[in-house]
Amino acid sequence: MREIRFRLPANLPVEAGALLRQAYLARGAELCPIASRAELTRGELVLRTQEGDGPVSVCIPWPVCGEVWMLSTTTLLPDARPYDLVRELARGQLYRVRCAAESWTDAGLELPSKFHERLHQAVRDLLISAERDSQEFQQLAERSLETALATGQALTLETCRWLAHARQQRLPMPLYVSWSASTEPNQEYDRLRESFDGVRLPCPFDPRQLENETYWQQKDRQLNWWRQRDWAVCLGPIFDFASETFQKYWRQSSDWEALAEQAALFLARLAHRYREEVADWQVVAAANFFSTSLSLEDGLTMLERLLRPVRRLLAEKPVSIGLAQPWGERAAHFPEQPVPLLLADWLARANAGITAIDLELIFGCEPRGSGLRPPLAISQLLDWFSELTLDIHLSLGLPASREMDTLADPPDQDVSVPATEKWQSAWAATLLDLGLAHTRVQRITWLDASDATPHLVPHGGLFDIHGRPRPVLEEFRQRRTRTSA
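Here the sequence shown stands for residues 121 to 605, numbered as in the working numbering.
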């Protein structure tokens, strides 16, 4: 059993304990999570793992600059003395910001002098903070962390906005919205039309509907309605591994082969009916969310079985597979879950007919969402997935309230961010600019159109439950208008 220990600040708030228990260990430059557990004991945060030797990084949720961020250290080795938690978080942020700055400079971008000044100040604060263990010197470490985080955020967003504008003028990226309602939009339509280029129509697996002609006729009408109005249409996801419904199928099924056979029949029915009308498909969402009752091997076998017909049924069609929690927090806490980046690499090599990976960037709500990451960490995530041979799509979702949402899936999600409509809109703008700036990202989709119909993210709709548009809708409209101008 290996362990990494951190000394906690003396003034640690009581509520920080629950946050710190979500910390986990990761390996490599891509921060691939490894099975580990975090404990608080005698003023220390202790992370333990039974996996391998060599250095590891630690991903730790920490409140700074008005948000709770999932931050990461540089690589560490077990030591008899505990590391200072704030100092190591500051060192990790400084390292990543400096590496990013060097990369952007090598690419020909001229960084402002104020950036270098702030970075040098953060480095000085960190070095001085290591001279003595006292409250005064601890505050220097905290200031170093705040400066590194704020400077990295400002530089990343400034750079990405410039790149996004340049890219959109050259090759505009389509913006999609997911429409999960069984009826067509009414008063929402005009606002959607001016903000989006395409629509994604979920078609969740339901074996009871295989022979229900009324069900399929309703799907026909829905698809034709959007196509008649010249919307680009993506059909799917068909199998959403993170949904309550699909997890229930997994838990209740005693015959995996029979379940896979039903799923293949459902996919075949969809493909035969809509292959000519629909050019774009998403087969699986949250493909890394295996049932916790399965071993990793059984989960991969089930996924492979679901994908087996894709090459035959959807030959030469763009087909994507979605990954939730793309940093892989779930794999750290449930050892039999796949690491998203490694699963994506497996899919890219499997020659299964998959052309794109759809990364879910859902922040601030559990169990499906990720802990909030700095913009630089999000940009680096896109870089890691860009090394694969598959295109990248992004699916965005953010809560606008912390209240219970009975139409969300599931309804009792834990919202861990200061969710307001203003917060949702600001973060949507950040994610849009990060995605639009990245050359391998080929599409961005907003996951929830309306709170008035079943949806994924609590209060995550472009329209609230009363049909009123939220400010986040304007962020999409502005970017599409700039592209069309």
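The hints are simulated quantities; they were obtained by calculation from the structure and are not laboratory data.
Quantities reported herein were computed from a predicted structural model and do not represent experimental measurements.
Yeah, the Cβ is synthetic: ideal placement off N, Cα and C, and Gly gets one too.
Take the hints with a grain of salt, since some may be wrong.
[Stated by the list, open to error] Have a look at the derived ranges for each label pair, beta carbon to beta carbon:
(1) Asp199 / His240: 55 to 61 Å
(2) Arg252 / Asn471: 54 to 60 Å
(3) Arg588 / His240: 29 to 35 Å
(4) Leu385 / Arg347: 34 to 40 Å
(5) Glu456 / Gln372: 14 to 20 Å
Consistency of the hints with the structure:
1. Distance hint check: the CB atoms of Asp199 and His240 are about 28 Å apart, inconsistent with the given range 55 to 61 Å.
2. For Arg252 paired with Asn471, a C-beta distance near 59 Å keeps the hint of 54 to 60 Å intact.
3. At roughly 47 Å, the beta carbons of Arg588 and His240 sit outside the given window of 29 to 35 Å.
4. Between Leu385 and Arg347, the C-beta spacing of about 25 Å breaks the proposed range 34 to 40 Å.
5. Evaluation of the 14 to 20 Å hint for Glu456 and Gln372 yields a pass: the beta carbon distance comes to about 19 Å.
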